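For the record, the sequence lines run as chains S and C.
Sequential numbering of the first sequence, starting at 1, is according to my numbering.
Sequential numbering of the second sequence, starting at 1001, is according to my numbering.
Simulated from the structure, these hints should not be mistaken for laboratory data.
Predicted model only: the values in this text are computed from it and were never measured.
Ideal Cβ placement from N, Cα and C applies to all residues, glycine included.
Be aware that one or more of the hints could be misleading.
[As the list claims (entries may be wrong)] Here chain S is said to cover these stretches of chain C; the calculated rule only asks that three of the stretch's residues, wherever they fall, bring their Cβ under 8 Å from a Cβ of chain S:
1. 1169 to 1180
2. 1212 to 1221
[Said to hold, decoys possible] For lysine to any residue, the following SDA-like pairs were computed, each having C-alpha atoms within a straight-line distance of at most 25 Å:
3. C:Lys1060 with C:Gly1129
4. S:Lys781 with C:Lys1038
5. S:Lys122 with C:Val1004
6. S:Lys51 with S:Gln124
7. S:Lys537 with S:Arg212
8. S:Lys450 with C:Lys1154
9. S:Lys73 with S:Ala235
10. C:Lys1038 with S:Thr121
11. C:Lys1154 with C:Arg1176
12. C:Lys1105 with S:Tyr706
13. S:Lys781 with C:Pro1044
14. C:Lys1038 with S:Ala200
15. S:Lys56 with C:Asp1240
16. S:Lys450 with S:Arg212
17. S:Lys563 with S:Asp579
18. S:Lys147 with C:Asp1240
[To be verified] Here are some, though not all, of the chain S residues that point toward chain C, as calculated from beta-carbon distances under 10 Å:
19. Asp127
20. Glu399
21. Asp647
22. Leu690
23. His694
24. Thr703
25. Tyr706
26. Asp763
27. Pro767
28. Arg778
So the chains spell out like this:
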Amino acid sequence: MGIEGVGARVARKEDKRFITGAGRYVDDMVVPGMKHAAFVRSPHAHAQIKKIDLKKAQGMPGVIGVLTGKELKADGIGNLICGWMIHSKDGSPMKMGAWSPLAVDKVRYVGDAVVVVVAETKGQARDAAEAVDITYKELKAVVDATKALEKGAPQVHAEAENNLIFDWEIGDAKTTDAAIKEAAHVTRMKIVNNRLVPNAMEPRAALGHYDRAEDHYTCWTTSQNPHVARLVMSAFYNVAPENKLRVIAPDVGGGFGSKIYIYPEEIVCLWASKKTGVPVKWVADRTESFLTDAHGRDHVSTVEMAFDKDNRITGLKVDTIANLGAYMSLFSSCVPTYLYATLLSGQYDIPAIHANVRTVYTNTAPVDAYRGAGRPEATYLLERTMEAAARELGVSPAELRRKNFITTFPHQTPVIMNYDAGDYATSLDAAMKTADYAGFAKRKADAAGKGKLRGIGMSCYIEACGIAPSAAVGSLGAGVGLWESAEVRVNAVGTIEVLTGSHSHGQGHETTFAQLVNQRFGVPIDSVSIVHGDTDKVQMGMGTYGSRSGAVGMSAIAKALDKVEAKAKKIAAHLLEADEGDIVIENGEVKVAGTDKSLPWFQVALAAYTAHNLPAGMEPGLKETAFYDPANFTFPAGCYICEVEIDPETGTTEIVQFVAADDFGNIINPMIVEGQVHGGIAQGVGQALLEGAHYDASGQLLTASYMDYTMPRAGDLPSFKVSTSNTPCPSNPLGIKGCGEAGAIGSPPAVINAITDAIGIADITMPATPSTVWAAIRAAKH
Amino acid sequence: MYSVNYHRAASVTEAAKLVKSGDAKLLSGGMTLIPAMKTRLAAPSDLVDLSRIKELQGVKVSGKTVTIGAATTHFDVANDEKLRKACPALAHLASLIGDPAVRHKGTIGGSIANNDPAADYPAALLALGATIATNKREISADKFFKGLFETALKDGEIITAVSFTAPAKAAYEKFRNPASRYAIVGVFVAKGKDGVSVAVTGAGDDGVFRSKEIEAALAKSFDAASLDGVKVPAKNLMSDIHASADYRANLIVVMAKRAVAAANA
Chain S
1 MGIEGVGARV
11 ARKEDKRFIT
21 GAGRYVDDMV
31 VPGMKHAAFV
41 RSPHAHAQIK
51 KIDLKKAQGM
61 PGVIGVLTGK
71 ELKADGIGNL
81 ICGWMIHSKD
91 GSPMKMGAWS
101 PLAVDKVRYV
111 GDAVVVVVAE
121 TKGQARDAAE
131 AVDITYKELK
141 AVVDATKALE
151 KGAPQVHAEA
161 ENNLIFDWEI
171 GDAKTTDAAI
181 KEAAHVTRMK
191 IVNNRLVPNA
201 MEPRAALGHY
211 DRAEDHYTCW
221 TTSQNPHVAR
231 LVMSAFYNVA
241 PENKLRVIAP
251 DVGGGFGSKI
261 YIYPEEIVCL
271 WASKKTGVPV
281 KWVADRTESF
291 LTDAHGRDHV
301 STVEMAFDKD
311 NRITGLKVDT
321 IANLGAYMSL
331 FSSCVPTYLY
341 ATLLSGQYDI
351 PAIHANVRTV
361 YTNTAPVDAY
371 RGAGRPEATY
381 LLERTMEAAA
391 RELGVSPAEL
401 RRKNFITTFP
411 HQTPVIMNYD
421 AGDYATSLDA
431 AMKTADYAGF
441 AKRKADAAGK
451 GKLRGIGMSC
461 YIEACGIAPS
471 AAVGSLGAGV
481 GLWESAEVRV
491 NAVGTIEVLT
501 GSHSHGQGHE
511 TTFAQLVNQR
521 FGVPIDSVSI
531 VHGDTDKVQM
541 GMGTYGSRSG
551 AVGMSAIAKA
561 LDKVEAKAKK
571 IAAHLLEADE
581 GDIVIENGEV
591 KVAGTDKSLP
601 WFQVALAAYT
611 AHNLPAGMEP
621 GLKETAFYDP
631 ANFTFPAGCY
641 ICEVEIDPET
651 GTTEIVQFVA
661 ADDFGNIINP
671 MIVEGQVHGG
681 IAQGVGQALL
691 EGAHYDASGQ
701 LLTASYMDYT
711 MPRAGDLPSF
721 KVSTSNTPCP
731 SNPLGIKGCG
741 EAGAIGSPPA
751 VINAITDAIG
761 IADITMPATP
771 STVWAAIRAA
781 KH
Chain C
1001 MYSVNYHRAA
1011 SVTEAAKLVK
1021 SGDAKLLSGG
1031 MTLIPAMKTR
1041 LAAPSDLVDL
1051 SRIKELQGVK
1061 VSGKTVTIGA
1071 ATTHFDVAND
1081 EKLRKACPAL
1091 AHLASLIGDP
1101 AVRHKGTIGG
1111 SIANNDPAAD
1121 YPAALLALGA
1131 TIATNKREIS
1141 ADKFFKGLFE
1151 TALKDGEIIT
1161 AVSFTAPAKA
1171 AYEKFRNPAS
1181 RYAIVGVFVA
1191 KGKDGVSVAV
1201 TGAGDDGVFR
1211 SKEIEAALAK
1221 SFDAASLDGV
1231 KVPAKNLMSD
1241 IHASADYRAN
1251 LIVVMAKRAV
1261 AAANA
């Protein structure tokens, strides 16, 4: 490793512009003649639209256009779709209800867009939006997924009877039931995974510009995957053919999944730009973000875990109800199925697993992938159940886990996944050592002396990252392939541009991707530019989510680098009159091994472009493209240990220690990886202790601002003790597994296991706020 | 925010005149009013800003009497050396309000005129038996705070100062709402020549109130142990997604204990 190569703790190149306020976000984009949009949104969770009166709004100052769903439909704009087909166990396809970008007959959640106003200023657009007079007939709403399945519940979509979207299963019910029947012990739990609001720092935004002269659209939008946005808006929403639609996702201030999807607003801004003849910008305010960004989680499950007399797990049966909200968002169907139930084996050798998943419409915001997406739900269910089982069986939680660890690889689970590599005991040992697990009893006694309840909890998580390969996800219902593309352009003076289909919105790609190039050619990272986020610049890409930029995106770059390297070596061999096989590239020099003959890197690049003296028949230039389709998912895993102290008088939980021991395979930049782990744990602690979206029975979101929705603050978190071990991933050329979601996946059960340990109770619902913890302590006493 | 006419008053007399225009509102920091206007929940035609009026600024301590100008910021209350000697509990309370930006803009007059049921100052003024002076009259704290966001102030009436006699002992303890950081329960205890008084903010369904149960227990002995086993009824306490009435009732006793311990420290 050089000072800027693979494995170096290089400071992030992009931070200077972010920290100095020089980042360029969608709201910073200005095009000549640009005007502003405001959306009229439903104040009701469920209502029929009886009448829309636009007259007053149309006459307001500065108003350019007031547009409705009827006009949008008349112009042929399509409904929003979910791009992953799931079939119910009876073979029927999922029952997807129509989602019009602007509601036409009915509204289905508070925040559903109905009318768009375009005006000279943001304020005028908002004034006119208030003047739009919509007559609603309110209908009964349902917000709870379990209640939505009951007979007589309000019907959200005609297409989905009793609000059931699909009833899906995975695994073998018969062998699982038999295992439970024959078990020496069965642990049974009801597990609730709380609904979360993503809360990216930058709210969603879109700027649509229709160029009449060119008959061409440009969309600047807050997207994690601009190419997918273009593909979907072109192929399904009929906004424009791909060659006439450019999508640009510039600097994006956090996504956490919520910016994967294509939302009504970007479609409407593009359409409204053509309709009104002006470029149209919309930027969500924070209330709109709370109401309409796709939420995360919201599962209710029952679980049965069977053990034999030696405490080996013999079977796992899970029944889950997943709330998908009012409409099926782009990847909503795969989150509670293939990103969830396929991970239910965890780190354990479980011979029989069966999971049944029902997804349900309710009058709430759409629910889709949020940091971890399905894997936090699986991990929480499994690791809470393991903890409960250890307590019921009277054995150490660590040893019960260790006894059931998978130790040989590859390992085929009963739920599709084939784990390629891992060493779970090493992570467990590392975490226990760092946490001084053995010294806990004394710390607990000391805390008791101060009137505090001290508890310890662990979580051994596994996740599947780099969602792939394309053929496999295609066979499971995915509407897209999940590869990645890269182009490496060596300029005539040896500087390099890397074009990638991955999208950076906080991950530090401009640094890590450049480090990969530095490792290969010795070019300083300052001479390597990463180009992303623009469909006119990068040919195609699948974007960034599911911790895939390293494992998939960088592997594509590595492939393109291979091709560049091969050509550069051919040129150098020719110039140095040496054998191609003897050429090595080191520290920015292209050398003949074992001799003092060498050329500086830039001279080889220059030779490629002057083309004065190239090998016979070689094309000029030094630029290569690659597509990389992984052979398998990657399987990061680790062990987290959380130690808490609870003030029984107030129910306040203080995290006094948090240890993370992760195996991410090979690491490009340890500092960035640690940052990802820190952020992930903060979000996981947020879910466990602080965050929870609450709708009242009528479907109003009670937690629609930071006055009521608690985001984690620095003071809620301890200084994390993080470490990594490394079993390189055999399924990609870089041995990378991915690290973006681990923290959010592994931490909630560790926190809750610690709290329940401290109080001496079986379960507590997340978020474990002081009020909830106090009530649990009181209930435990009675 | 809708468009609004902004007036910066130079004196209380001028402000009293200006506030009669249109649907005007007085502005004294704007830590509640401005956010409400930004989200279009409030739409006054005019704002009359009191925060630069000289006669409303500053803390005076004369013997045992403390007088705080209505437009004194929380930061200035928290950092006033005279007050930190005369009534450190109130200076400490001010240091706990909001965040640094709020403390540099928000004022004591603005806070009590708004009478948010989770605001900190009302508990202190009620427990201290303070007097609220306006441009028209003087009102005792127990008559001033009338319920949720309600006070005895008449339309256009302007708070000029609050005053009170420094107590022998006092302290304030609050338990914050995890999201907003307002008080879920805040308890101000004061021991003066007229006995012990204990006022609670954040919890009452009709705003700030005095806790008879805790006052009775502390009247016997001003000691945290006096509150062992004391129960505050959950009736008339707020219940919301952050805290049940039972939880608030518990917190009142816990915070009172901690406040008494702090006052005696």
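Quick rundown of the hints versus the structure:
For the stretch 1169 to 1180 of chain C, the proposed coverage by chain S is satisfied: 4 residues have a C-beta within less than 8 Å of a C-beta in that chain, meeting the threshold of three. Given as covered by chain S, the stretch 1212 to 1221 of chain C fails the check, having 0 residues with a CB less than 8 Å from a CB of that chain where 3 are the minimum. A C-alpha spacing of about 17 Å is found between Lys1060 (chain C) and Gly1129 (chain C), which places the hinted pair at or below 25 Å, so the restraint holds. A threshold of 25 Å between alpha carbons decides the hint, and for Lys781 (chain S) with Lys1038 (chain C) the separation of about 47 Å lies outside it, so the pair is violated.
For the proposed pair Lys122 (chain S) and Val1004 (chain C), the alpha carbon gap of about 16 Å is at most 25 Å, so the pair holds. Distance check on the hinted pair: Lys51 (chain S) and Gln124 (chain S) sit about 23 Å apart at the alpha-carbon level, within 25 Å; holds. Only pairs whose Cα atoms come within 25 Å are accepted, and Lys537 (chain S) paired with Arg212 (chain S) is accepted, the gap being roughly 22 Å. Annotation: proposed proximity of Lys450 (chain S) to Lys1154 (chain C) is violated, straight-line Cα distance about 51 Å (limit 25 Å).
Restraint check for Lys73 (chain S) and Ala235 (chain S): satisfied, since their Cα atoms lie roughly 16 Å apart, inside the 25 Å limit. Of the pairs offered as hints, the one joining Lys1038 (chain C) and Thr121 (chain S) holds, with about 16 Å between alpha carbons and a cut-off of 25 Å not exceeded. A C-alpha spacing of about 31 Å is found between Lys1154 (chain C) and Arg1176 (chain C), which places the hinted pair above 25 Å, so the restraint is violated. The hinted pair formed by Lys1105 (chain C) and Tyr706 (chain S) meets the criterion: a straight-line CA distance of about 20 Å does not exceed 25 Å.
The straight-line distance between the Cα atoms of Lys781 (chain S) and Pro1044 (chain C) is roughly 52 Å, outside the 25 Å bound, and the hint therefore fails. For the hint linking Lys1038 (chain C) to Ala200 (chain S), the alpha-carbon distance of about 21 Å falls within 25 Å, and the restraint holds. Distance hint between Lys56 (chain S) and Asp1240 (chain C) is unfulfilled; the C-alpha atoms sit about 39 Å from each other, more than 25 Å. The straight-line distance between the Cα atoms of Lys450 (chain S) and Arg212 (chain S) is roughly 73 Å, outside the 25 Å bound, and the hint therefore fails.
Of the supplied pair hints, the one linking Lys563 (chain S) and Asp579 (chain S) holds, its CA atoms being roughly 18 Å apart against a limit of 25 Å. Distance restraint check for Lys147 (chain S) and Asp1240 (chain C): the Cα-Cα separation of roughly 22 Å lies within the 25 Å cut-off, and the hinted pair is therefore satisfied. Hint on Asp127 (chain S) holds. Least Cβ distance to chain C is approximately 8 Å, under the 10 Å limit. The interface hint given for Glu399 (chain S) is broken, as the beta carbon of that residue sits about 36 Å from the closest beta carbon of chain C, more than 10 Å.
Residue-level restraint check for Asp647 (chain S) holds (minimum Cβ-Cβ distance to chain C is 9 Å; threshold 10 Å). Proximity of Leu690 (chain S) to chain C holds as hinted, the smallest CB-CB distance being about 6 Å (cut-off 10 Å). Nearest Cβ of chain C to the Cβ of His694 (chain S): about 5 Å, under the 10 Å cut. The hint holds. Below 10 Å, beta-carbon pairs count as interface contacts, and Thr703 (chain S) has one with chain C at about 7 Å; its hint therefore holds.
Against a cut-off of 10 Å between C-beta atoms, the interface hint on Tyr706 (chain S) holds, since the closest Cβ of chain C lies about 6 Å away. Hint status for Asp763 (chain S): violated, given a least beta-carbon distance of 19 Å to chain C, over 10 Å. Taken as an interface hint, Pro767 (chain S) checks out: its beta carbon lies about 9 Å from the nearest beta carbon of chain C, inside 10 Å. Checking Arg778 (chain S) against chain C: minimum C-beta separation of about 8 Å stays under 10 Å; hint holds.
Hint compliance for this structure: hints 2, 4, 8, 11, 13, 15, 16, 20 and 26 are not met, and every other hint is.
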